[in-house]
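Protein chains: 2
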Amino acid sequence: MSETTTLTTTALHERVEAIFRKGGLNVVQAGALARVIVAGERDACKSHGIYRIEGALRTVKAGKVKPDAIPEIIAQEASAIVKVNAGGGFANPAFELGLPVLAERARTQGIAALAINDCTHFSALWPEAEALTGEGLAGLVMCPSYATVAPTGGNKPLLGTNPFAFGWPRAGRPPYVFDFATSVAARGEIELHRRAGKALPDGWAIDAKGNPTTDPEAALAGAMLPFGGHKGSAIGTMIELLAGIMIGDLTSPEVLDYLGTTTLAPFHGELIIAFSPEAFAAGRPGDPFARAEMLFEAIVGQGARLPSQRRFAARAKSEAEGITLTAAEVEQLDRLLTLGLDAVA
Amino acid sequence: MSETTTLTTTALHERVEAIFRKGGLNVVQAGALARVIVAGERDACKSHGIYRIEGALRTVKAGKVKPDAIPEIIAQEASAIVKVNAGGGFANPAFELGLPVLAERARTQGIAALAINDCTHFSALWPEAEALTGEGLAGLVMCPSYATVAPTGGNKPLLGTNPFAFGWPRAGRPPYVFDFATSVAARGEIELHRRAGKALPDGWAIDAKGNPTTDPEAALAGAMLPFGGHKGSAIGTMIELLAGIMIGDLTSPEVLDYLGTTTLAPFHGELIIAFSPEAFAAGRPGDPFARAEMLFEAIVGQGARLPSQRRFAARAKSEAEGITLTAAEVEQLDRLLTLGLDAVA
Numbered sequence: 001m002s003e004t005t006t007l008t009t010t011a012l013h014e015r016v017e018a019i020f021r022k023g024g025l026n027v028v029q030a031g032a033l034a035r036v037i038v039a040g041e042r043d044a045c046k047s048h049g050i051y052r053i054e055g056a057l058r059t060v061k062a063g064k065v066k067p068d069a070i071p072e073i074i075a076q077e078a079s080a081i082v083k084v085n086a087g088g089g090f091a092n093p094a095f096e097l098g099l100p101v102l103a104e105r106a107r108t109q110g111i112a113a114l115a116i117n118d119c120t121h122f123s124a125l126w127p128e129a130e131a132l133t134g135e136g137l138a139g140l141v142m143c144p145s146y147a148t149v150a151p152t153g154g155n156k157p158l159l160g161t162n163p164f165a166f167g168w169p170r171a172g173r174p175p176y177v178f179d180f181a182t183s184v185a186a187r188g189e190i191e192l193h194r195r196a197g198k199a200l201p202d203g204w205a206i207d208a209k210g211n212p213t214t215d216p217e218a219a220l221a222g223a224m225l226p227f228g229g230h231k232g233s234a235i236g237t238m239i240e241l242l243a244g245i246m247i248g249d250l251t252s253p254e255v256l257d258y259l260g261t262t263t264l265a266p267f268h269g270e271l272i273i274a275f276s277p278e279a280f281a282a283g284r285p286g287d288p289f290a291r292a293e294m295l296f297e298a299i300v301g302q303g304a305r306l307p308s309q310r311r312f313a314a315r316a317k318s319e320a321e322g323i324t325l326t327a328a329e330v331e332q333l334d335r336l337l338t339l340g341l342d343a344v345a
Numbered sequence: 001m002s003e004t005t006t007l008t009t010t011a012l013h014e015r016v017e018a019i020f021r022k023g024g025l026n027v028v029q030a031g032a033l034a035r036v037i038v039a040g041e042r043d044a045c046k047s048h049g050i051y052r053i054e055g056a057l058r059t060v061k062a063g064k065v066k067p068d069a070i071p072e073i074i075a076q077e078a079s080a081i082v083k084v085n086a087g088g089g090f091a092n093p094a095f096e097l098g099l100p101v102l103a104e105r106a107r108t109q110g111i112a113a114l115a116i117n118d119c120t121h122f123s124a125l126w127p128e129a130e131a132l133t134g135e136g137l138a139g140l141v142m143c144p145s146y147a148t149v150a151p152t153g154g155n156k157p158l159l160g161t162n163p164f165a166f167g168w169p170r171a172g173r174p175p176y177v178f179d180f181a182t183s184v185a186a187r188g189e190i191e192l193h194r195r196a197g198k199a200l201p202d203g204w205a206i207d208a209k210g211n212p213t214t215d216p217e218a219a220l221a222g223a224m225l226p227f228g229g230h231k232g233s234a235i236g237t238m239i240e241l242l243a244g245i246m247i248g249d250l251t252s253p254e255v256l257d258y259l260g261t262t263t264l265a266p267f268h269g270e271l272i273i274a275f276s277p278e279a280f281a282a283g284r285p286g287d288p289f290a291r292a293e294m295l296f297e298a299i300v301g302q303g304a305r306l307p308s309q310r311r312f313a314a315r316a317k318s319e320a321e322g323i324t325l326t327a328a329e330v331e332q333l334d335r336l337l338t339l340g341l342d343a344v345a
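Residue numbers (the UniProt record's numbering), protein chains in the order written: chain G, 1 to 345; chain X, 1 to 345.
None of these hints come from the bench; they were simulated from the model. Predicted model only: the values in this text are computed from it and were never measured. Where hints are given, some of them may not hold.
Note that identical chains are pooled: a pair holds if it fits in a single copy or bridges any two copies.
What the hints assert, rightly or not - Within a straight-line C-alpha distance of at most 20 Å, the following computed EDC-like cross-link-like pairs (lysine to aspartate or glutamate) qualify:
| hint | residue 1 | residue 2 |
| --- | --- | --- |
| 1 | 156 | 297 |
| 2 | 66 | 257 |
| 3 | 64 | 342 |
| 4 | 156 | 293 |
| 5 | 22 | 54 |
| 6 | 46 | 14 |
| 7 | 61 | 334 |
| 8 | 66 | 342 |
All chains, full assembly: derive it from the sequences and hints.
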């Protein structure tokens, strides 16, 4: 067994933030990025953990994200829309800036939306959904991505893997949170099958001619398919409309045109909708939070899982015992810290 | 070929409204119900057309909906939530009452929600989604139903078939609208397979022991499955939380407890979220409506269909040529008009 290193989340945060500072990011960008990356690593979401540092730095090096951006908030009185312009930086500090204003609007007006524009996005959406629940709010989060998914009945990439996330607060325990791609599989999973020389399951993808394929190479040259057939295709399209077009930001095909590659973090917007369960339930019988617990108990009681259960279990373990990295991972972090942008292609 | 009768939509509306008046509904309830039922028949959605009249009347006869309810609106200043209490009547007149206030709030505040409480619901959700687009707004509509769907990984009915609908306005042509159940199939489709003695496709249902089944009888005694596996299950759960619990109304298991049957129209609430694309896009490059047309063209251009295309084609035909009913259908309408509630069990 190879050597491993165990770090507290705080120690890992410091290391990741230092890497981003070395890579030229200002404190606002570096801090927010380190927070979501450490959260991913802590929750054993390896695909959104320290693995993502390099992609973020590559995007900086390619000049496709502003490492020194300061997000700016635009919140008009009497509007339930809060807008944050990320200024060409990453989405994460823009969300952190907008969250308290969004939460205040949602509390006073019952429902409110945060539109983040001109941002580079590379993280999962569950950190946003969870942050809303931390304010006692329920929330929906969505954004486009690159055009890699064909609409059902079509034969060419057009939609993104467009993630859709939701959160509901639970007192004294982790929130109810889901966050999934509206494609059958993530693009990374197809890549993993390719590297392993394994055939894809049926229904994941089509080839460049639009025919079903289980060959990962043909799938990468063709298109992925939406989850749930025409229903998932419709949800993916809705996300292009609401979280791309409606907020005046790029759609998934426009993102791909702009970047010319799927190897950099995508540049687009993000839409967050926050609900105050207290405001909605006011004057109605029953406490919404207590009633939600009955629903969750009924789900778990019949042997089904709540989404994110595995992630929260990993989090509890990381918080108690620290985060364990392999020798190769530690070496890579050291390399990034020493070389900064010179460490990435 | 048997005799048919062709009616204008206006003539059919008058006939359906008269049936509901004969059945004891007041003008507010009868008019709104006739509008959605004629819209279903006009669009060749037979499952939501005149076929639904009997179920609505059965629900009246069973005392599970108030035929003389007058919905009441509660809209606080400075709130983005509009609430309509349907007063134990049908959802449709409550929606008609709330729509203009919802639209005004969405225009001024950018996003707004309409919560309908204490209503009986028996129609599709696309009429609501379309009505929002008629106001130049985009919108999301959802509601619970009866507990007939098992969460993924579970083995007992808990969630409803919880429909999820969305609309986006298009100038000079029918809107982009989808409306689907979050179960793989509608309960009615399983019933149709049972009557035809046909096996169900794989993946639609489980039996009372939680095992996969293709036997319609076993499926009706067991549970339906969500569309798209755990993702559809998560969306169905979200709908219970937002459009049941959050708005202080019944969840799908509570609806079934209350009614004790799935043969009457369900009593619960409904949540409608309206977005002003103009408010969201303000200050950003590009016209959101023109950009959406480019997305729709790209979808259609690769041979995929937009949702509701078939419905809009049927509508154009009905509006040009009238609605054609079979002799049996006309006879049934005559019978309902003569006998009122005595015509139903």
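Note to self: Hint compliance check: list the failing hint numbers for this structure, sorted ascending.
What the structure shows: Result: no hint breaks.
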